[in-house]
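A.B. asks: Here's the letter readout for the chains.
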Amino acid sequence: MLEAKNSLGVIFFPAFDWAIEPTHPEREERLLYTQDQLREEGLFDIEGITEYKPEVATRRDVERVHFCLPSVETVATKSHMISAGGAIRAARLVMEKEADRAFALVRPPGHHAMKIVEGNRGFCNINIEAVMIEWIRENFGQKRVAIIDTDCHHGDGTQDVYWHDRNTLFISLHQDGRTIYPGSGFPDELGGPNALGKTLNVPLPPRTADEGFLYVMDELVLPVLEDFKPDIIINSAGQDNHFTDPITNMNFSAQGYAALNERLKPDIAVLEGGYAIQGALPYVNLGICLAMAGVDYSKVYEPDYHPEKVRQDVRSMDTIKRICEDVRNRYFNPPSTPTDGDVNGQWFTRMKDVFYDTDGIRESQVESVVICPDCSGAVKTEVWSTSNPLSLCVEIPMDACDKCASLGRRAIEEGHTKGNYRIVQAINRKDKEYTQFGF
Amino acid sequence: MYLGIDVGGTHTDAVVVDRRKVRAFSKVVTDHDNLLVSVRAAMEDVLSQVKKDRVERIALSTTLSTNAIVEHKTEEAGVLVSAGPGIDPENYHIGRGYAVIDGSLDHRGFEVKELNRKELQNAAQMFRELGMRVHAAVGKFSVRNPAHEIAMKSAVEADSDHVTMGHRISGMLNFPRRIATAYYNAAVWRLYNKFADAIAQSVDEYGLEASIHVLKADGGTMPLARSRQFPVESILSGPAASVMGIVALCEIHEDALIMDIGGTTTDIAVFAGGAPVLEPRGIEVGSYPTLVRALKTRSIGIGGDSVIKITRTGQVRVGPEREGPSMAQGGEAPTLIDAMNFLKLADFRDRHASARGIERLARLWDMYPDKLARQAVDFAVRSIVDECRDMVDMLNERPVYTIYELLQGRQIEPKKAYVMGGPAAAFQPILKEALDMRVELPPDFQVANAIGAALTRTTAELELFADTEKELLHVPALSIEHPIPRGYSQDAAEDDLRKLMAAYLDELGLPGTREYKDEVEIVESNAFNMVDLFGGAFRNIRVKAQLRPGILD
Ligand SMILES: [Zn+2]
Ligand SMILES: [Zn+2]
Ligand SMILES: [Zn+2]
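Protein chains in written order, with my numbering: chain A, 1 to 439; chain B, 1 to 553.
If you're looking for bench data, these hints aren't it; they were derived computationally from the structure. Treat the hints loosely; a few may be bogus.
[Said to hold, decoys possible] Derived EDC-like pairs (lysine to aspartate or glutamate); straight-line CA-CA distance at most 20 Å: (1) 299/A to 56/B; (2) 113/B to 304/A; (3) 113/B to 308/A.
Being a predicted model, the structure only gives us computed values, none of them experimental.
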């Protein structure tokens, strides 16, 4: 009988009764064949691999992470709460040492959901990884967390959530933003003034294959992790880099995904995108499960896999090497100040425009963070959009120093007295106060 | 009248039941080397007590296949496997003749790679050289398309007395289990069929005009003819017989716990809304998980004969070992039943012997004997209660796949328990207090297993898959493949499956269309949109129907 070297908990929640639209790529069928494959392979009969059902994330779990405008209920449906709850279940298994590792094979995904949420972007409403990570920190203390996003699209939502967090390392590998949604994710996006270099972006040329991805792992991701020394490693496991994915242009294979996972050794993996639901997902998900559990995956390949057909050309390998070198330097020698905004006294301010492609909402933000050598800094954001009038969002981070905490509290009070905000919302991680005023 | 026979590890019991009343009862010691002798003796005994021409149905549970597997007395079977990409099929290597043939199907049943004819011929040659006369043919995703299994079967058919094809065993997905199940089925086929011949002959000799049925582990029976093809389904049917006995004796309608307290173990089963809970994947046999459907039961090593032990820190423990009988029965070491005797909770055989044993053990550890006995009983009860709670929790934790199920999911909350087995009467009041619920002791609980055998009716399960892009529907267990129109719907699939199930029961010699038609229930039904790269939308429909475990009137 097969036995797992590392015990693995799998939260398999295909949400067979949820879809954006019947024919949308993010539909019920997405995990259907994965379920067939996992069952037919007898995955859960392998000693040490166990299936669990998800929890349902609470309103509080979401409020800890997102400023939902106008409210949690309007932006997150039950399916999103369960998907996030699936990720929480995965974290609980690992944190409570019921399993060595866990994989939340859930949908809908979440890595395009930003700090402020007014609707659906790139099939995501709430950031299920972030909800999970902050659940961990709420219950197990401030941990150093590394998120490696291997979805084909830039994890712009997760990047935004952790832009100022010096305790969270976010590395996104993705198809070059000049060729694909959401169009961001370049090496000069490095994080806010207090967390420069804690956000890293690796835009890869179209048709990057196993060779290129594994090169990035070996030459960039693993050395950076070695230096950052995270307590927890999370794989934002999007699977749309696959050579058969209908909405992307990469050449990654099931063998490649499994090998990447074997090197990364994530504590928790959370499913993100992946829309080649018949030809890729069943094999990639199986490969990842086996790799995480430390079970031989050498015979897991796609029916139509011919390595010679998906080999990348020499020129893209040169590009990849150059990018790795560049990003590596930026991590080890980050600039002293970011270039995307202005300093106003003790605040650093930048402007942002966000487009919610699925819901068609246009949003503008003025975001200010306290420049602070001692903590991640308090953040206040003024936001207005085609869907909600001018509102104020203030966050006091968990590691806030006294100065930042009081500057944050003052920003909240000023928000009330100024009176021209529709909503004043606060996430005070230091005092665990989550408040919203307005309607 | 119905005749039920339960071949147990120690005794073979037989009953004749008439309108739910026990008319005759017999108990003989099981002869493990010749089960037929025990079956005949028990049968003869009960038949002598009734008008045997009124017996219309005979049902028996038998440990024959189980024992053969556990004692490695099965016939060697040649196994042909087609796997394709995935977990290496060498991990499921079973027996001396195991051949993996190159070729594969995908999850929708499309052929990805043809079977390699040359490898197939070589394998057939190898089986011939090994002198193998029974075979199993198993393909990955064969329940979506049996073509590879059929081809593998024809490659060995000429040299074979029997070939088990995986897709005929169950419509469930699970390739490793399918391999083990098909292998065991082939391996016990000859032995089982000889036994079935002998049983049929005995029934003839007694001049009975009764239909013959065999118990399955899922709390149902199958007609003898089917059991001849699928003998593996007769394994581990013992616990199912006792659970169904309780159903017959008590008419359970609610969530409930069933505890069968024996000499060495306590078996626990759970009822949800009056129906026994089934193991969703299948039972384990000889350490191999299989696709054989079974009631969900748990066994813990605590029974009346479990020995009392004191740990180094002075804690009193009971079981899981058994070191011979209780002292009340002339044993050497005090057991749980001795503790109960000592506390006057039970009155079993030699109470003085029990007291001597408890007092001696207490002296050895410098304890008060009544305290020691009390702690032993408490430990046993606590273990049983913990196990029950844990089992219910596990069932409530079972994975679900839709938002509706997760949010509305019915939780099992037993408010009542049924207890049976030798020490049941003594345990009833203590369990009532520990579980804080009503605990019922069914009448005739000592023969519940044979009553269960007598009254258990047929169960059956069928799965249907329809793919409107392929314009095909499949019912793997019946080897049915039908064309369907593009617009084929989920409702049509449910209707078709109901009709197929009734016809299938008719074919088994049961009044399917006449009596069981309305009892066929759809237990799972899903339809998924499939969208191809050109925007075409199709439906992938999966429906599962069953005739659930039940009792004859
Ligand atoms: Zn990415
Ligand atoms: Zn993506
Ligand atoms: Zn600070």
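A.B. asks: If a hint holds in the structure, say so; if it does not, say that too.
C.D. replies: Quick rundown of the hints versus the structure:
1. The straight-line distance between the Cα atoms of residue 299/A and residue 56/B is roughly 55 Å, outside the 20 Å bound, and the hint therefore fails.
2. With a C-alpha separation of about 10 Å, the suggested pairing of residue 113/B with residue 304/A holds against the 20 Å cut-off.
3. At most 20 Å may separate the alpha-carbon atoms for a hinted pair to count; residue 113/B and residue 308/A meet this at roughly 19 Å.
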